[in-house]
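Q: Can you build the whole structure from these sequences, using the hints too?
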Amino acid sequence: MKSGRRHTTIETFLGVLVCWLLAHTGLVQAQPNPYQVVYHWGELPGGRPMGVVTGVQPDPDGEHIWIVERCGANQCAGSALNPIHKLDSEGRTVKSIGAGLFAWPHGFDMDADGNLWVTEGAPEGDARGEPGSELGMGHQIIKLNQDGEVLMRLGQAGVPGDDAEHFNGPAAVLIGPTGEIWVADGHRGGNNRIMKFSTGGELLLQLGGGIEDTSRESGLFNDPHDLKMDSQGRLFVADRGNNRIQIFSQEGQLLDIWTQFGRPSGLWIDADDTLYVADGMSGEQWNRGWERGIRIGDARTGYVTEFIPDYEIPNGSGIEFLASDRSGNIFAGQVGRQRFEKYIRIRP
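Using the working numbering, the first residue of the sequence shown is number 1, and each one after it goes up by one.
Mimicking DSSO-like on lysine-lysine, the simulated pairs with C-alpha atoms at most 30 Å apart in a straight line are:
id: 1; residue 1: Lys143; residue 2: Lys342
id: 2; residue 1: Lys143; residue 2: Lys95
id: 3; residue 1: Lys86; residue 2: Lys342
id: 4; residue 1: Lys143; residue 2: Lys86
id: 5; residue 1: Lys342; residue 2: Lys95
Label-pair ranges, simulated between beta-carbon atoms:
id: 6; residue 1: Leu204; residue 2: Pro348; range: 38 to 48 Å
id: 7; residue 1: Tyr311; residue 2: Gln285; range: 10 to 20 Å
id: 8; residue 1: Gly252; residue 2: Glu90; range: 37 to 47 Å
Hints were generated in silico from the structure; no laboratory data involved.
Cβ coordinates follow ideal geometry from the N, Cα and C atoms, glycine included.
A: Structure, rendered in structure tokens:
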């Protein structure tokens, strides 16, 4: 009897805690927006149009940011345009690289040495990957330096798979503090797994997995879309198809599951463990009862503190990728509206 009462007490406590977090999230969504948005921020060479921005990374110098965009459209296959750009604080392009390397770039990270890592995110059977497939491109992760020289490739170009040497539209890549390579494989109908590789590309760990093997079970995934790591070395997975963030140890142990940040497409964690979550899909179709926008909170506690709503009429997916600079300004890529935005903090 005592054991039964103890379990009931624990379940009641957890239920109350979840309800409190969700209620608090609702209150945060009603608070004033602490940011002012600048639409269509950034200028590309020759004034050409900005393609879909699929990744943002601050440069180690603190004065520049790097972005990946899909060659003026939503596709780079067959394009002679550079998809990777270095922008100064005014949004002017100071360097562009990467022409001909990618068909449908998706995930983006920068390691401690300033090298760039980009994924090819169209899974097998996705129409957006067909132009690249016809050219023998896709299903890879490419590491390059800031001059555009390719330093490493993971996966086989144009060949999808679910073993240790192949990907199926990898959605995200993250380089850990000691150089280990984390991969979310893959995008939408991909392999629904998280992989950890050594610095040399040897598979060390896999969580989940299997083509079309989506699951709501704890520790498994449905469209893992982004990866970030906090100051404690905990891995945050944007388990988008399940409307949750899952948090793991370096050894792959599930530590926590958070649903208070909506339907997460993109994640960013700054040096102070402030967590920024891009929710560009919540609404009647995917996450009823939740609003689209950017939720900001504490990566240590899961406490949501601020909310930037997306007031515009939905046009496909909204914000999917974001990062912040040292001043707390946010840079974000809108997918459906095909634009790059800067959110300037106007109050503490």
